[in-house]
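> Listed below, chain by chain, are the residues.
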Amino acid sequence: MNFGIITLATVGLLTSSLFAPVCEAGYRGYYLTNEMLKTRLMKEGTGFALGIYLNPKLATDGDTGLSELLGIYSGGRLVNGEPNGVNMLLWYVAMSGLARDMARICELDAVAPPMIVGFAKAEMNESFSQALGALCVAWPHGRARTEPALLNFWLALVSFDAPMEEFEVWRDFLMSPTFAAAPAGILVEAAATSALMNPGFLLE
Amino acid sequence: MKAIPVAGVGTLLLTHPWMAFSAPKLGPDPHFFVQIYFEGGMDPSYLFDARPLAMTQAGKIANYLGEEPAAWTDAAGRTTWATSLTDPLKPYRDRFTILNGVVMTAAFDGHEQNANYLFAGDPFGGEAFVPHLNAGSGRRPVDALQAGSIGATLTNVGGIVPMGPSAAESLAKRLREYPIQSGDPVFDFVKGRLAANGRGPGRFSSASRAMLSGLEGAPALAAMVREISNLDPAATPDRQFVGLMLDFFKQGVTPSAIIRFQLSSVLDTHAPSDAKKQPALNRQIVEKIALVLKSLSETPYDGQRNFLDVTTFMISSEFGRTFRQIGKPIDDTGTDHNPLCQTVLIGGKGIKNGMVIGASDFQSTDETLSPTHAMLDAESIRAMGRPFDHRQFTTRPDLPATYKPSDYLNLASVVNTLYRLYNKPDTLHRTYGRNEPTAPVLNGLLS
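Each protein sequence line maps, in turn, to chains A and B. If you count the first sequence from 1, position 40 lands on 48 in my numbering, and the numbers rise without skipping. If you count the second sequence from 1, position 250 lands on 253 in my numbering, and the numbers rise without skipping.
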């Protein structure tokens with residue numbers, strides 16, 4: 009850098025800038041969301057990778073980069089963390105895949121296409137296992153179609169990351185006629201997908 | 004790659020699986036945009052702004068190619084010196100225009116500041132121009148497909164997706180197995196919660212609205228992406244990405260791509276050992292540009308047009324490079340940053356192609372440089388853009404005494420020309436800086 013450029017640079021620093029960077033709200037990002045799910049769903053010491061629902065060959069082929077599109081921290085900044093068409097599609101694919109796995113646990117005897125199985129029943133922690141089991145065993149009858157059973161499931165997944173008003177709307181949706189006679193697997197898949205796609209859970 | 008006519012269909016089918024023709028989804032007047040960015044500071048003297056060997060023999064400019072450049076002359080007789088490294092681009096010489104002597108931000112010579120200036124028009128960052136081009140009616144689900152990371156501070160890049168070919172293929176497979184459909188009660192419930200959470204002024208609401216917008220487009224996007232199925236494992240990563248880009252264009256996923264190609268070593272050749280790789284690096288640069296132009300030109304959009312006919316492209320770096328470094332022998336010197344001069348290639352749809360516009364100074368050892376040049380380059384180790392008459396669309400012979408950005412062909416004018424091409428409002432047009440005038444549109448570039 010020569011003297012002339014240094015001089016102009018000084019002026020430039022004093023007179024900048026045309027645009028002010030804007031700080032937008034974004035996702036928690038892939039790794040934090042994955043960690044939250046792992047802690048809430050799995051036994052301690054058990055591995056969990058949400059990315060398997062984007063790429064079933066994750067374990068053998070490695071990450072193709074899809075997980076990174078859900079937001080990663082790089083250089084102290086969240087990259088790809090702003091919601092857009094692609095990452096919403098990816099979140100929906102990932103969360104509905106996970107929800108399908110949960111439903112599969114309810115439907116062990118059901119005929120279904122081969123599933124990914126990101127986690128197995130034996131790997132779930134006690135708290136989540138109970139919450140899921142209550143719905144699996146009894147829906148749409150008996151104790152399962154009650155607020156406490158649904159609240160347990162909601163808290164097991166979302167905890168208090170979303171306000172209770174969100175739970176109430178979610179509860180009413182699941183108690184609606186749509187799911188009144190639905191098999192437990194259908195209910196669990198719907199309940200998990202709709203809870204995990206809540207902005208309170210996904211957004212920082 | 005060879006085009007094979009398909010009898011009775013009136014379209015072309017290409018042998019490369021990525022290039023297989025599918026019905027265009029962006030209507031009768033499509034407009035795609037490709038920005039190719041070579042990070043690190045491209046040296047124009049190895050491509051379209053070369054210097055005679057006599058200047059190297061006089062110790063003015065390093066030249067590790069060691070050959071005399073040849074004249075590259077346009078139909079109007081405007082000439083620049085080009086090296087043989089540009090030969091692979093000769094078949095496309097009527098499909099792009101060379102802009103020489105393009106000044107970046109003369110106030111800074113850092114990578115990030117000039118990358119910010121390139122992408123956002125401000126050395127400190129801001130909104131990238133590519134999403135601006137796409138804004139408005141008919142906006143697609145993704146603003147741009149991106150290859151490689153971009154070292155710039157940009158604020159409106161949520162819709163620019165850095166997705167690689169293997170990621171796209173993996174997603175396509177998942178979507179074929181588990182399609183996403185609107186009308187599903189769960190899908191609609193999630194949309195409803197996003198809408199409810201999006202009612203408000205805060206950042207959370209704003210992000211919820213962005214999530215809703217993304218989710219609303221998800222079924223259509225999923226339908227587009229699941230058609231992507233032809234990743235050629237034998238192709239190079241560059242070729243795979245260009246194939247993915249064309250598939251995204253065809254499927255209507257995005258109208259734009261920003262490509263930062265990887266080279267075999269750094270383009271930021273401060274070290275003499277790196278500078279000596281310039282011939283090899285520029286050979287790669289030209290190969291990559293030619294790959295994009297060839298792929299676009301050999302891929303039919305419809306029965307009459309190929310993708311090069313319906314795509315505008317711009318190729319640049321964040322700045323050029325100095326001729327040499329002080330205190331180093333001319334045959335063992337690196338090169339430093341030069342924001343006072345770079346070459347930009349612009350072409351395709353809407354551009355008057357085949358021209359050589361603008362020029363840099365310091366073309367010979369005995370050339371008298373302007374007082375402005377002397378002020379900005381006291382050591383005489385840089386080229387600078389020649390003063391430019393924006394009205395006559397030609398260089399000026401005068402030697403300005405003081406630096407005024409409006410005297411030169413500035414990158415801001417190139418971007419403003421793209422804005423005009425896309426009929427964007429003048430309020431978007433870049434100025435030369437705070438309290439500086441708006442950079443004029445290069446009307447002579449528009450066809």
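Derived from the structure by calculation, the hints contain no laboratory data. Hints are not guaranteed to be accurate.
[What the hints assert, rightly or not] Within a straight-line C-alpha distance of at most 20 Å, the following computed DMTMM-like cross-link-like pairs (lysine to aspartate or glutamate) qualify:
(1) B:K194 with A:E134
(2) A:K65 with B:E180
(3) A:K65 with B:E115
(4) B:K194 with A:E173
[Unchecked claim] Residues of chain A clear of chain B, computed beta-carbon distances all greater than 10 Å:
(5) A33
(6) G34
(7) E43
(8) P64
(9) G73
(10) L77
(11) L159
(12) S167
(13) M172
(14) F181
(15) T201
[Stated by the list, open to error] To give a feel for the contact side, a few chain A residues facing chain B, derived at Cβ under 8 Å:
(16) L40
(17) N42
(18) E174
(19) A188
(20) P207
(21) L211
It should be emphasised that the depicted structure is a prediction, and the values quoted were computed from it without experimental measurement. Heads up, the beta-carbon is just placed ideally off N, CA and C, and yes, glycines get one too.
> Against each hint, give a clear statement of whether it holds in the structure.
Do the hints match the structure? See the list:
no. : hint               : verdict
1   : B:K194 with A:E134 : 32 Å, violated
2   : A:K65 with B:E180  : 14 Å, holds
3   : A:K65 with B:E115  : 37 Å, violated
4   : B:K194 with A:E173 : 16 Å, holds
5   : A33                : 4 Å, violated
6   : G34                : 6 Å, violated
7   : E43                : 20 Å, holds
8   : P64                : 8 Å, violated
9   : G73                : 4 Å, violated
10  : L77                : 6 Å, violated
11  : L159               : 17 Å, holds
12  : S167               : 17 Å, holds
13  : M172               : 14 Å, holds
14  : F181               : 5 Å, violated
15  : T201               : 5 Å, violated
16  : L40                : 15 Å, violated
17  : N42                : 17 Å, violated
18  : E174               : 7 Å, holds
19  : A188               : 12 Å, violated
20  : P207               : 5 Å, holds
21  : L211               : 5 Å, holds
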